[in-house]
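Engineer: Listed in order, the protein sequences are those of chains E and R.
Going by my numbering, the first residue of the first sequence is number 13, and it counts up by one from there.
Going by my numbering, the first residue of the second sequence is number 13, and it counts up by one from there.
Hints listed in this document are in silico derivations from the structure and should not be mistaken for laboratory results.
Treat each hint with caution, since some may be false.
Heads up, the list lumps identical chains together, so a pair's fine if it works in one copy or across two of them.
[Unchecked claim] Taking lysine to any residue and the SDA-like style, the derived pairs with C-alpha atoms no more than 25 Å apart in a straight line are:
(1) LYS373 / GLN287
(2) LYS428 / HIS245
(3) LYS374 / ASP249
(4) LYS265 / ASP377
(5) LYS428 / HIS208
(6) LYS432 / ARG250
(7) LYS404 / LEU115
(8) LYS404 / ASP414
(9) LYS374 / ASP86
(10) LYS428 / VAL292
(11) LYS432 / ASN209
(12) LYS405 / VAL292
There are 2 protein chains.
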Amino acid sequence: MGLIEDAKRGIVTEEMKIVAEKEGVTEDFVRRGVAEGHITIPVSPYREIKICGIGEGLRTKVNASIGTSTDFVDIDMEIEKARQAELAGADTLMELSTGGDFLEIRRRVIEATTLSVGSVPLYQAFIEAAQKKGGVVFMDPDDLFRITAEQAKLGTNFMAIHTGINLETMKRLQNQGRHGGLVSRGGAFMTAWMLHNEQENPLYAEFDYLLEILKEHEVTLSFGNGMRAGAVHDATDRAQLQELIINAELADKANDFGVQTIIEGPGHIPLDEIQANVVVQKRVTNRKPFYMLGPLVTDIAPGYDDRVAAIGASLSSAYGADFICYVTPAEHLALPTPEEVYEGVMSSRIAAHVGDMIKLKKRGDDLEMGHARRDLDWDRQFAVAMNPERAKKIRDERMPADTDGCTMCGDYCALKIVNKNFNF
Amino acid sequence: MGLIEDAKRGIVTEEMKIVAEKEGVTEDFVRRGVAEGHITIPVSPYREIKICGIGEGLRTKVNASIGTSTDFVDIDMEIEKARQAELAGADTLMELSTGGDFLEIRRRVIEATTLSVGSVPLYQAFIEAAQKKGGVVFMDPDDLFRITAEQAKLGTNFMAIHTGINLETMKRLQNQGRHGGLVSRGGAFMTAWMLHNEQENPLYAEFDYLLEILKEHEVTLSFGNGMRAGAVHDATDRAQLQELIINAELADKANDFGVQTIIEGPGHIPLDEIQANVVVQKRVTNRKPFYMLGPLVTDIAPGYDDRVAAIGASLSSAYGADFICYVTPAEHLALPTPEEVYEGVMSSRIAAHVGDMIKLKKRGDDLEMGHARRDLDWDRQFAVAMNPERAKKIRDERMPADTDGCTMCGDYCALKIVNKNFNF
């Protein structure tokens with residue numbers, strides 16, 4: 013039996029206890045959240061992981077996506093990326109390889125991490141069709157469902173599945189047009205397939221079958237965002253909203269069937285549309301966990317997209333997004349290096365915390381830092397810093413003569429001057 | 013005669029024409045803005061600079077602060093920081109040295125830049141008092157006014173002057189207490205002086221005299237924010253608001269007298285108080301240009317404070333802040349290196365642009381990038397990128413086999429798949 017059914021029957025499972033303990037909420041809060049679909053706890057019968065709850069009332073979580081591409085297939089580097097992501101404090105890992113031996117790469121990465129792992133099964137199905145049959149449009153839906161089950165058995169905890177790109181959604185896209193085109197790989201594969209075969213998306217048409225597979229292997233269904241904007245000028249458009257509406261309907265169905273859900277969201281969104289995206293998403297999905305990809309608030313800063321995403325993600329988590337997918341500085345330019353993976357996770361963790369300061373009023377560490385700075389207590393400052401090593405390194409490289417202060421102000425440290433005169 | 017008087021008489025000066033041209037607004041819009049104190053154009057009779065307007069209806073500007081401290085005095089490095097700041101696209105430069113030969117450092121830095129330069133004259137006055145008389149509390153107000161005039165003659169365009177920390181403000185601070193203490197060096201020097209001498213702040217008490225000096229040398233008065241919070245838990249507190257009210261009164265007076273003004277603001281502010289800070293600041297100052305320092309939206313990410321400030325600055329510029337002071341990754345830890353100066357400016361420029369996308373609806377470059385990406389036109393992408401070199405470098409290090417796409421998706425580029433099927 014799955015977590016949702018347990019929760020509905022009033023059973024608090026071990027996973028729910030762990031989440032309650034980690035988050036400082038009651039076990040019953042978590043149980044009710046799981047039962048109602050407001051909280052999702054990715055698990056797998058095939059693998060032990062660091063349990064991580066995602067959803068309402070819980071700390072905002074950060075996902076790091078890694079994976080090979082056709083240009084670069086280096087399993088050791090992928091394992092190093094997984095390691096860097098975990099080191100930097102990612103909560104989950106998506107393994108999105110599109111080059112090399114899929115099964116082997118995923119097996120090795122899964123072995124190398126204790127984090128909850130996600131995948132996108134349709135990549136493998138479409139790419140194998142391209143390799144074996146000469147085109148993604150020759151993908152056989154049976155292979156797609158078979159691969160979904162196979163990936164589940166590797167211990168995959170959640171899967172991004174593009175159910176919402178159906179004929180209805182595609183009509184919206186075609187009627188409307190787009191400035192930045194379609195940038196989701198899954199979305200692109202599926203629309204190409206639908207256009208060529210003049211058939212409905214099998215993940216939509218055979219959704220009940222999909223649910224059976226996911227339920228059997230206890231996989232969390234993360235509704236893919238195939239219509240997400242790839243440019244701020246396409247944000248919050250009719251195609252995106254149409255897909256969201258379809259996914260929201262299916263998510264209720266999944267929840268009733270006992271499959272845990274997450275709903276993915278865009279993408280590229282200008283600052284003044286982020287709140288609307290969160291409110292609408294939460295409303296139409298009946299408060300399912302919201303997985304925000306970025307969002308990027310401007311398109312013109314390639315090379316800095318981790319910082320750009322941190323701006324958007326801070327706001328989206330403040331407004332209620334539960335889970336954010338990191339963006340690395342290499343986004344839009346190249347496959348990220350392990351260092352860029354690390355940087356991307358750090359930027360997202362900052363954003364998640366900034367959001368939690370608002371959403372959950374989690375400001376205790378900030379208060380501690382304020383006091384530690386006032387008291388010029390460097391050990392306490394480092395202890396509460398999100399990345400103590402980085403902070404120490406910068407200070408140690410330029411250690412001041414007077415070790416109370418820092419080299420920024422030297423003898424003229426405001427705090428030292430004032431501490432003599434005030435008694436805060 | 014100064015710009016304000018010219019503007020009030022209906023004269024459009026050369027500086028106003030340059031600002032109108034650069035910003036794509038009418039000359040009369042700029043003239044009216046200057047007359048009413050909503051727009052400030054720092055100038056100097058002693059030096060030619062790149063003219064830069066700050067205020068309502070204009071692009072958000074970015075300041076980079078540099079300067080020695082008692083631990084590190086290296087003029088060549090300061091010149092390199094000035095160069096890096098300009099290279100990265102800063103609009104103004106504040107030279108805030110507190111160590112070494114002040115006059116010589118400022119002269120050399122001013123020679124090395126074409127940007128508008130700001131200073132804080134009270135640093136020199138207090139530090140010379142400490143050096144020559146054994147304590148900042150022995151500072152002679154006559155020296156402070158003399159130094160203000162001397163710095164003006166070097167070609168300083170704007171000065172941060174701490175007029176608002178008077179006995180009234182200090183009472184608020186003492187009655188209230190603080191989590192993070194007082195973190196403004198100017199604020200700390202002045203409160204220490206006032207407490208020791210049991211006298212009113214001379215910059216407040218002799219404000220008319222100050223205005224005469226500034227008017228004579230055409231210096232823009234940037235009202236210092238001595239009570240700014242140094243911890244998010246002190247944000248928007250009574251001491252900060254009291255200082256703002258005092259400064260707002262004085263700013264009207266300055267404007268009437270023909271001295272251009274800017275009002276500095278905090279500091280450390282949690283995400284949900286930024287809008288209130290901007291609205292209140294704009295309201296009580298009668299829409300004077302608002303110079304936001306940061307703001308930092310969390311205290312616990314030392315080593316990443318440029319990214320943290322970019323989050324706050326994006327929001328504050330979206331809501332109406334006109335001018336933002338950068339923060340470097342070394343903030344709270346050490347004096348920044350030239351590389352950190354560059355990074356800090358880039359983070360702030362991103363924030364300024366993200367704000368301008370909302371405040372001014374400036375989204376043309378984003379639209380161009382969306383189209384260039386859709387068309388896989390890399391030259392156009394680099395041309396419109398905020399930092400083309402950085403973007404090129406990342407892509408070139410990992411150049412794909414098929415040079416249309418990038419190594420992130422390799423053969424399975426969504427855009428390539430979709431462009432074959434759709435006709436956007």
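Engineer: For which of the previously enumerated hints does the structure constitute a violation, in increasing order of number?
Structural biologist: As far as the earlier hints go, 4, 7, 9, 10 and 12 are violated by this structure, in ascending order.
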